[in-house]
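Okay, here's what each chain looks like letter by letter:
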Amino acid sequence: MERDALYWRVILLAAPIAVFTALVIWPLLSSFYYSFTNWNGFNPEYDFVGLDNFAKIGTDRLFASAIINTAIWMVAAIFLPTLLGLALALLLDSKVPGGTIFKTLFYLPICLSAVVVGQIWIWIYQGDWGLLNTVLRAVTGSDFSYAWLARPNTALGSVIVAWSWQQTGLSMVIFLAGLTSIPDELLEVCDIEGATAWQRIRIVVIPLLTPATVVVVALSVINSLKGFDILYIMTGGGPFHSSDTLAMHMYNESFKKYLMGYGSAISVVLFLIALTIIRIYFRNLRKVDEIYG
Amino acid sequence: MADAQARVAAREFNPWRAVLVISLGCLAVLFLAPTVGVLLSSIKTTREIAFGELWTVPRTIYLGNFVEILTNPAVPHYFKNTVLVTVPATILSIALGVLAGYVFSKLPFAGSNLLFLVIISGMFFPPQVILIPLFQFFNALGLIDTLWPIICVHTALGIPICTLLMRNFFATVPNALRDAAILEGASEWQVLTRVALPISLPAIAVLATLQFTWIWNDFLWPLIFTQTDENRTIMVGIVNLRGQYSVAWGVQGALSLLASLPTLIVFLFFQRYFIKGMTMGAVKG
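So the sequence lines, in the order shown, correspond to chains S and P. Be aware that the first sequence starts at 19, since it is given in my numbering, and climbs by one per residue. Be aware that the second sequence starts at 4, since it is given in my numbering, and climbs by one per residue.
Hints are computed from structural coordinates only; laboratory data are not their basis. The beta carbon of each residue, even a glycine, is placed where N, CA and C say it ideally should be.
Between beta-carbon pairs, the in silico distance windows are:
hint, chain 1, residue 1, chain 2, residue 2, range
1, S, Leu-80, P, Gln-193, 54 to 60 Å
2, P, Ala-77, S, Gly-159, 40 to 46 Å
3, S, Glu-63, P, Ile-64, 58 to 64 Å
4, S, Ile-224, P, Leu-144, 51 to 57 Å
5, P, Pro-205, S, Tyr-51, 38 to 44 Å
6, S, Ile-298, P, Gly-246, 41 to 47 Å
7, S, Ile-298, P, Phe-272, 36 to 42 Å
8, P, Val-121, S, Gly-145, 45 to 51 Å
9, P, Ser-124, S, Lys-274, 29 to 35 Å
Using the sequences plus the hints, can you model the full thing?
Here it is as structure tokens:
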């Protein structure tokens with residue numbers, strides 16, 4: 019019996035473990051290995067350069083701006099979709115007529131690809147006939163024509179808005195799931211005690227939504243670290259690297275300049291950042307579990 | 004009865020509800036505007052768009068953009084390749100997730116929890132971290148500019164989420180069911196395929212909708228692994244054709260619309276599964 023179980027564990031796990039090891043674990047370890055080399059991606063010969071790539075990170079001005087942009091991107095990705103998603107969930111939770119249709123509408127962008135979302139928003143920001151400038155011209159009566167994605171000041175912010183538009187529905191759905199777990203009796207007590215709607219939300223609903231909030235924030239952070247496609251589509255990290263994030267910078271160094279060794283060093287940094295965030299997340303998750311059991 | 008009617012009436016005349024519905028309506032319009040933009044662009048001429056008429060109600064429906072797309076020789080390749088990548092990678096990743104999820108929930112062993120954690124941690128990391136070694140690996144095998152690397156990578160990257168959801172689902176299947184079947188002389192494989200699998204169809208539906216959407220929409224891996232039109236998938240194709248139709252915005256819109264149809268249809272018909280998967284295994288993106 020026991021030998022049978024061992025036999026089946028090996029048989030059933032062989033394929034998934036083999037594929038996962040070969041195509042995820044092994045490449046991850048190789049990334050560390052390549053980060054100590056000057057490999058150019060094509061030449062089979064390369065040298066070990068020790069910590070040179072990591073030293074270069076310290077002097078690379080583009081890396082510094084990529085780190086700052088990644089931080090901006092992540093902070094915005096935490097706040098915008100989370101707050102918007104929370105607002106939408108609170109509005110939708112009060113059993114409005116047509117609630118299901120609204121929910122579908124707000125959630126719809128999540129099934130669109132980054133390529134299509136990027137395309138749509140390029141047209142919104144387009145200088146001459148884009149929706150944003152058309153509306154601004156109608157409102158101000160001026161001849162306003164500003165290419166939002168082509169200016170260093172607004173490129174990153176514009177992409178963040180597009181990204182938030184797509185991610186809001188996801189936060190909304192998670193908050194809605196969290197709201198259904200709040201007992202109706204508790205809300206009835208608020209009504210009986212004469213609490214205003216705002217007091218009810220601030221004192222009862224939001225604290226009880228903490229577990230959902232932790233999930234939403236963690237998701238936002240993790241997804242934002244992965245966010246590469248939409249930036250590549252909308253700005254390509256430009257103009258003048260003003261919207262480069264770490265993932266974008268790593269792509270440019272590796273696949274545009276063919277500095278695969280240096281690119282690997284950047285992905286090692288990206289990995290360490292992700293690892294740190296995931297550890298913080300899990301530690302807080304445990305705390306949340308302890309509080310709410 | 005009268006009480007119920009009074010309650011309905013009270014609900015109808017609540018001014019706050021009206022404000023609520025109106026504000027939601029405004030938000031919905033704002034939210035829908037970008038998507039409607041693609042729809043509108045696909046039925047307008049480039050001339051109309053250039054003169055600032057993209058965002059107005061169309062007077063006529065222009066189908067030339069769709070004709071242009073459907074007669075472009077590269078487009079059938081794009082769609083065929085996307086199907087050839089998405090379908091096998093979806094099936095394979097779910098199959099591997101079923102195998103691993105079954106062992107982790109029904110045949111746990113010393114260290115299996117740790118192994119499980121290692122596998123699901125895979126969905127937290129930015130995939131860019133393994134980009135270079137994978138490129139090098141498939142380059143060495145001479146498989147760059149084929150569909151194989153994309154299928155393999157999506158299969159592997161799908162293992163964490165599929166294992167997680169399947170393990171959690173199998174955990175709800177009573178062990179007594181398995182034990183009884185084993186006592187009857189069934190092998191573990193028969194328990195898995197004839198007992199566990201038939202009742203896990205809801206979980207598989209969740210995974211199928213998620214995996215299909217992610218793989219269909221993916222841009223990064225086909226961008227890295229393909230180089231010619233014969234092997235490009237639709238999302239890379241859209242970006243590539245943008246050069247060819249640099250100012251033919253209507254054509255770009257028509258292609259974007261066609262490329263989004265499969266995931267839109269899956270989303271609208273399987274929304275329940277989709278939302279469930281998103282909130283359950285909430286971390287992949």
